[in-house]
Amino acid sequence: MSENIVAETAARIFTDLADPQTINSAKDDGWKAPLWQALVEAGLTLAWVPEEQDGSGADLADGFAVLGVAGRFAVPVPLAETLLGGWLLSRAGIASPAGIMTVAPARPGDRITLDSGSTLSGRARGVPFAQEAEHLAVLAHGPGAPSIALIEAKACRIAEGRTLAGDASNVVTLDRVKPVRVAPAPTHFDQTSLMLMGAAVRSVETAGGLEAILELAVRYANERVAFERPIAKFQAIQHSLARLAGEVAAAITASGSAADAIAHAEAFDDATFLEVAAAKVRSAEAAEEGAAIAHQVHGAIGFTSEHILHRFTLRLLAWRDDFGNESHWAAALGSRVAARGAEEFWPLVTSR
Amino acid sequence: MSATLRFDQIRLPPQCETLRQEVRAFIAEEVAAGTFDPTQPRQGDLHNAELSRRIGAQGWIGMTWPKKYGGQERSYLERYVVTEEFRAANAPVRRHFVADRQSGPILLKYAPEHIKMDLLPRICRGDVCFVIGMSEPGSGSDLFAAKTRAMRTNGGWLINGSKIWTSNAHVADYMLGLFRTSPATKENRRHGLTQFLVDMKTPGIKVNPIYQLTGEHDFNEVVFQDAFMPDDHVLGEIDGAWKQATSELAYERSGPERFLETLYVLIELVRALGPKPDLRSAEGLGRLVAQLHTLRRMSVSVNGMLQAGKEPVVEGSIVKDLGTMWEQKLPARVRELAAFLEPEVTNRTSLEEQLTYATLIAPKLTIQGGTTEILRGIIARGLGLR
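Protein sequence lines correspond, in order, to chains A and B. In case it helps, the working numbering puts the first sequence at residues 1 to 352. In case it helps, the working numbering puts the second sequence at residues 1 to 386.
In case anyone wonders, no lab produced these hints; they're calculated from the structure. No incorrect hints appear here.
From chain B, some residues computed to sit far from chain A (all C-beta separations above 10 Å): (1) R53; (2) E113; (3) N188; (4) Q244; (5) R333.
One side of the interface only, derived from the structure: several residues of chain B facing chain A at Cβ under 10 Å: (6) L285; (7) I378; (8) G384.
Using C-beta positions, here's what the derived DEER-type ranges look like: (9) V225/A with D278/B: 51 to 59 Å; (10) R386/B with G99/A: 49 to 57 Å; (11) E17/B with A300/A: 48 to 56 Å.
Beta carbons are placed, not taken as given, at the ideal position from N, Cα and C, and that holds for glycine.
Put together the whole structure using the sequences plus the hints.
Laid out in structure tokens, this is it:
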């Protein structure tokens with residue numbers, strides 16, 4: 001649903017340089033550099049960095065629209081991560097460097113601390129694309145209030161690691177790392193704020209990926225002939241795809257609503273928490289259900305490496321784990337709802 | 001073919017929130033006065049003529065209709081708020097709800113002017129109850145197999161046959177009925193049915209009760225024996241009712257009543273769990289809240305798109321498919337999450353009573369107003385599979 005110029009630009013670049021079939025058939029990573037270069041030149045990698053900090057100063061909504069398109073192409077470059085990195089740094093007024101970035105921590109339970117000597121220590125698991133990044137944007141605890149820091153990737157120990165989809169995902173260890181820059185986080189900004197933003201980003205990408213697999217599965221069902229007719233004509237297939245459409249619809253709506261909430265929110269308040277937690281939970285559930293249906297409809301061909309379906313389904317499944325999995329957000333949301341009590345339940349639901 | 005689904009990000013405008021507070025205050029007064037108890041879902045399925053009239057007096061029935069017919073010319077999103085507040089409170093609104101949601105809009109579109117001037121203001125006042133006469137003993141989901149006949153006679157039509165699963169028929173003032181005026185044609189099996197306004201006091205109409213598994217009387221069989229319908233009670237095109245059915249469906253299918261019918265068990269669960277639930281309960285509760293929030297955002301979106309003049313037929317069917325599946329499974333999920341509660345939890349009796357009722361009514365939720373299977377067929381057509 002590219003309805004703005006920024007998202008249309010992204011869609012054009014992905015169509016030209018990130019075609020899933022072309023990438024899937026490629027013998028090497030030769031496609032990567034031209035794709036990244038085009039994204040940089042279009043100002044998309046630093047879309048969430050203000051112009052005065054050398055970014056392109058796009059709206060949050062525009063950035064989310066770009067990520068929805070990236071999800072539809074299952075783009076295997078760290079666009080989302082660099083966007084997030086730039087966004088995090090700009091919270092503290094730190095200008096973004098050129099090149100690939102990612103953010104740490106990427107899991108709610110991990111912790112990086114800033115000591116009184118201004119060095120950073122700690123361990124962050126599942127940091128997406130850390131081994132390809134030149135810099136990391138870090139949310140650190142202490143001393144006192146949270147801080148935001150820019151560090152060089154080469155100053156950290158980064159263990160080799162891959163997601164289900166084969167994208168880099170690393171354990172990053174910081175041992176008294178001296179930051180390039182460090183500044184206090186804004187008031188009320190903490191690790192939960194970063195997790196909420198990351199969760200919203202993954203939810204939006206997930207919705208895009210689900211749209212893509214619905215399209216793939218519908219097309220395949222109309223083309224594939226079995227028992228002398230297209231399998232789309234069988235009611236069992238029709239109803240499976242109708243269920244897939246329902247999951248896609250839920251993910252689009254929940255993630256769109258969360259992105260809209262963040263784009264219009266003054267702070268990461270209770271309403272934003274409800275929206276984003278709900279989006280991460282529901283889009284992850286949709287990813288699980290939707291990927292299974294798309295594979296079932298495709299049969300054996302969808303299980304091959306030559307078919308592009310796995311480019312989407314495996315990323316959909318992998319994204320569930322980033323920035324808090326659905327169990328984490330469900331428990332956090334459930335605890336909040338319980339603490340507010342039964343009388344406040346319906347007012348909370350209708351507040352959005 | 002298009003696999004593109006569209007759910008615009010619609011937020012309820014500020015006037016909706018003002019209205020919501022008015023509705024909540026009204027409900028609180030009625031509850032305080034003992035009109036109904038939000039924790040008694042069985043009661044929520046009853047008729048209350050006085051309450052319907054008081055709701056009508058507030059201008060909350062037929063509120064989107066033109067003022068000359070008694071309406072308020074308010075938006076669909078404002079109607080949405082009124083519907084969801086009454087539903088969430090388990091208010092007994094059955095007496096006027098069918099007319100408000102379905103029958104009124106059909107009359108507005110197809111009834112002759114003098115009938116609109118007579119009936120619509122009475123609906124808005126909460127004075128009349130409608131029943132839908134579609135299913136027959138031999139045709140349910142397959143609507144166009146209906147056999148009950150309307151035969152031409154002097155100045156009108158004579159109806160013979162029967163309708164079934166007619167909720168409200170024993171108390172309704174009017175039915176919107178679908179009758180066969182011609183045989184289906186080879187080219188179009190949907191041809192030959194006509195929609196009629198039926199005055200339930202017409203001689204030749206007999207209503208026989210059918211008791212539901214809850215023990216309650218809601219369903220009926222309505223038997224027509226030479227029941228006379230005057231010509232001006234024909235609604236729309238003779239033999240062409242099939243053309244009239246589709247556009248209303250998105251309204252009928254996407255409303256908040258399509259996922260809130262068992263909501264009370266979730267609210268009661270929150271009460272039972274208390275402020276600090278264990279991790280298992282917190283996660284289970286959180287998932288249900290995430291799913292409910294998503295359904296509501298989808299439903300608001302479809303209603304907002306309808307208000308904007310779009311026709312989200314597939315999206316509306318998706319809301320009902322997901323929504324009814326959710327409200328149907330909700331009692332089972334709540335039962336699991338309540339399984340390890342301490343026996344002395346103060347509202348255990350209340351929770352168990354509510355679960356019993358929700359479990360009893362659960363099977364109907366994915367059948368009424370278009371079965372899951374019919375909905376998925378519509379969605380599949382929208383996806384370009386049929």
